[in-house]
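Use these hints to put chain B onto chain A, whose structure you have.
Here are the chains, one letter per residue:
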Amino acid sequence: MSEIILEAVDLEYSYPDGTKALSNVNLKVQKGEKLAILGSNGAGKSTLFMQFNGIYRPNSGSIKYQGQDISYKNRALIELRKQVGVVFQDPDSQLFSSSVYQDISFGPLNLGLSEEEVRERVKQALIDTETTDLEDKPTHLLSYGQKKRVSIAGVLAMEPEVIIFDEPTAGLDPRHAQEFMQLLEDFSLEGKTIILSTHDVDLAYSWSDRLAIMSSGEIIAHGEPRELFLRPELIERADLALPWLLEMYCGLVEKGWLPPSTPLPKTRDDLLRSIPTKTDTTG
Amino acid sequence: MIDIDSYAYSNNLKTVHPAEKSLFALISMVACLTATTVITPLIVLALMAGGIVLKAGIPARIFVRLMIVPLSFLLIGVLTIAFSVSTNPSGFWLAQTMYGVTIGIHYPDLITAVHLFLRSLGAVSCLYFLALTTPMTELITVLNKLRVPVIITELMVLIYRFIFVFMETATTIRRAQLSRSGYISMKRSFHSLSLLFSALLGKVFVKSQELYDSMAARCYSGEIKVLTKKHPVSPGNYLIIIGLEIPLILLNLLWR
Numbered sequence: 000m001s002e003i004i005l006e007a008v009d010l011e012y013s014y015p016d017g018t019k020a021l022s023n024v025n026l027k028v029q030k031g032e033k034l035a036i037l038g039s040n041g042a043g044k045s046t047l048f049m050q051f052n053g054i055y056r057p058n059s060g061s062i063k064y065q066g067q068d069i070s071y072k073n074r075a076l077i078e079l080r081k082q083v084g085v086v087f088q089d090p091d092s093q094l095f096s097s098s099v100y101q102d103i104s105f106g107p108l109n110l111g112l113s114e115e116e117v118r119e120r121v122k123q124a125l126i127d128t129e130t131t132d133l134e135d136k137p138t139h140l141l142s143y144g145q146k147k148r149v150s151i152a153g154v155l156a157m158e159p160e161v162i163i164f165d166e167p168t169a170g171l172d173p174r175h176a177q178e179f180m181q182l183l184e185d186f187s188l189e190g191k192t193i194i195l196s197t198h199d200v201d202l203a204y205s206w207s208d209r210l211a212i213m214s215s216g217e218i219i220a221h222g223e224p225r226e227l228f229l230r231p232e233l234i235e236r237a238d239l240a241l242p243w244l245l246e247m248y249c250g251l252v253e254k255g256w257l258p259p260s261t262p263l264p265k266t267r268d269d270l271l272r273s274i275p276t277k278t279d280t281t282g
Numbered sequence: 000m001i002d003i004d005s006y007a008y009s010n011n012l013k014t015v016h017p018a019e020k021s022l023f024a025l026i027s028m029v030a031c032l033t034a035t036t037v038i039t040p041l042i043v044l045a046l047m048a049g050g051i052v053l054k055a056g057i058p059a060r061i062f063v064r065l066m067i068v069p070l071s072f073l074l075i076g077v078l079t080i081a082f083s084v085s086t087n088p089s090g091f092w093l094a095q096t097m098y099g100v101t102i103g104i105h106y107p108d109l110i111t112a113v114h115l116f117l118r119s120l121g122a123v124s125c126l127y128f129l130a131l132t133t134p135m136t137e138l139i140t141v142l143n144k145l146r147v148p149v150i151i152t153e154l155m156v157l158i159y160r161f162i163f164v165f166m167e168t169a170t171t172i173r174r175a176q177l178s179r180s181g182y183i184s185m186k187r188s189f190h191s192l193s194l195l196f197s198a199l200l201g202k203v204f205v206k207s208q209e210l211y212d213s214m215a216a217r218c219y220s221g222e223i224k225v226l227t228k229k230h231p232v233s234p235g236n237y238l239i240i241i242g243l244e245i246p247l248i249l250l251n252l253l254w255r
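First to last, the sequence lines map onto chains A and B. In terms of numbering that gives the first Met the number 0, the first sequence opens at residue 0 and continues consecutively. In terms of numbering that gives the first Met the number 0, the second sequence opens at residue 0 and continues consecutively.
Pulled out of the complex, with its shape left as it was, chain A reads as follows (with noise of 0.2 Å):
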């Protein structure tokens, strides 16, 4: 039914100096969905994502963008990274200039845009990442999470159709991993599809649609994450942990506070109103 955007074949990929990264990599993502994927450090994720806009060329397998296999010359992969942007997890190697507008601006100048559309783009993502009161600051002057909006707004700008945040919310602080989030929202609602990865159990329980785990270099599972979690043996080992939700709702099954039948709970929300309001019966 729906449309596969971009899927990853048989990816075998080692590092120069030898070491596995990849290995029978298989992953599909639809168009429009919000795909997490989980795993610990040094997983793949990363190593995962450079593949997927043609960064690092697989030693065998390969990657197909609209059911295309992607071409590795230098004019086709100007498309490709056009259409699927990744946001990397350091800002410091992602912004490359102390201006905030200059660092915006270079990613759709680069799509050969007029000034006018470039200029508008760049108020856009401004806007888009809360960001409007930074472009006149210096990089260096940031926090670590306003770089990190303003390394997100640099993405945005070139308004891809696909778009990757490696470990997005690491090193943000609650309020603005929430508002974060928010934004992801709202790119969904727009229609883009979004993949992130993380090792946070909790956000990628409750945010995404599909989820694939991955433990040294492969993909060992993917599916609903409501399914995935509830299968002990591939979580311990992809070294990850329950999500709490789903700790609260098996803890309050187990002692009989809810009954059995009740749905897995998505969100927080989702939970607590499952919970009975209770009812004064002693007096």
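It is possible that some hints are incorrect.
Rough simulated footprint, nothing fancy, chain B against chain A, three-plus residues with beta-carbon under 8 Å [stated by the list, open to error]:
1) 12-18
2) 47-60
3) 114-126
4) 175-185
Listed below are the simulated DSSO-like cross-link pairs for lysine-lysine, each with C-alpha atoms no more than 30 Å apart in a straight line [unchecked claim]:
5) 136/A / 186/B
6) 265/A / 27/A
7) 122/A / 202/B
8) 265/A / 277/A
9) 19/A / 63/A
10) 136/A / 13/B
11) 33/A / 63/A
12) 144/B / 202/B
13) 191/A / 13/B
14) 206/B / 72/A
15) 81/A / 228/B
16) 191/A / 228/B
17) 136/A / 202/B
18) 13/B / 81/A
19) 27/A / 13/B
20) 136/A / 206/B
21) 202/B / 13/B
Here are a few chain A residues that face chain B, going by a calculated C-beta distance under 7 Å [stated by the list, open to error]:
22) 33
23) 96
24) 97
25) 243
It is worth saying that the hints were derived from the structure and are not from the lab. Bear in mind that the values here come from a model prediction, so they are computed numbers and not experimental data. Glycine included, every Cβ here is placed at the ideal spot set by N, Cα and C.
Chain B alone, transformed into the frame defined by chain A:
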């Protein structure tokens, strides 16, 4: 240096077009350096002090502190010009003779020294005006407009950005070393410093690869193209610049 940089982004003249500020600073500097009288440098000094303290709103304390920095170099340079050592005691304006050697000042030398001193100080104040009121990124844009080769301006953009990234990294490493008593003795200090540098060197390579990858991810194809926020061009400012600079130039030309 970091102080100067932060003032560049927060002073009251930051919205003024960078080309106007550069023009003002450069013409004043040329007028100051080519001056034949001590009056021009004094006027330039006063202009710049006024611009920095009154117009840009930078605390006078900071300005004075910055002006003291070149003072020590200048004084040494100027003193060697003013003083002469000779076996011939005639012609000195002020002198002391000991064992047949005269150390003293010739009057024309003194004048040259004072001229040089004031001219240098005036020129430095022009540079400070530019540095304190105009962010580096905007200066680079001006250079771009002046058709300075792209390779130079691109390097300036990257170097300027990475000065701060590496300073931050170095500060973090140093703090980690300090908290483990890395600088407890002279010997340990040298050792720790060498470790800091080698760690930093390793990071340079990693960072540069990451930077390249992230730029490639945004369709980088060999040329860093960026837009800068537009600054309003103010004809009024140009009038002020002309109004201030023409008398200075005339003063230089007519005062013989």
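(request) Give me the numbers of the hints this structure contradicts, sorted from smallest to largest. (result) 1, 4, 5, 7, 12, 13, 18, 19, 21, 22, 25
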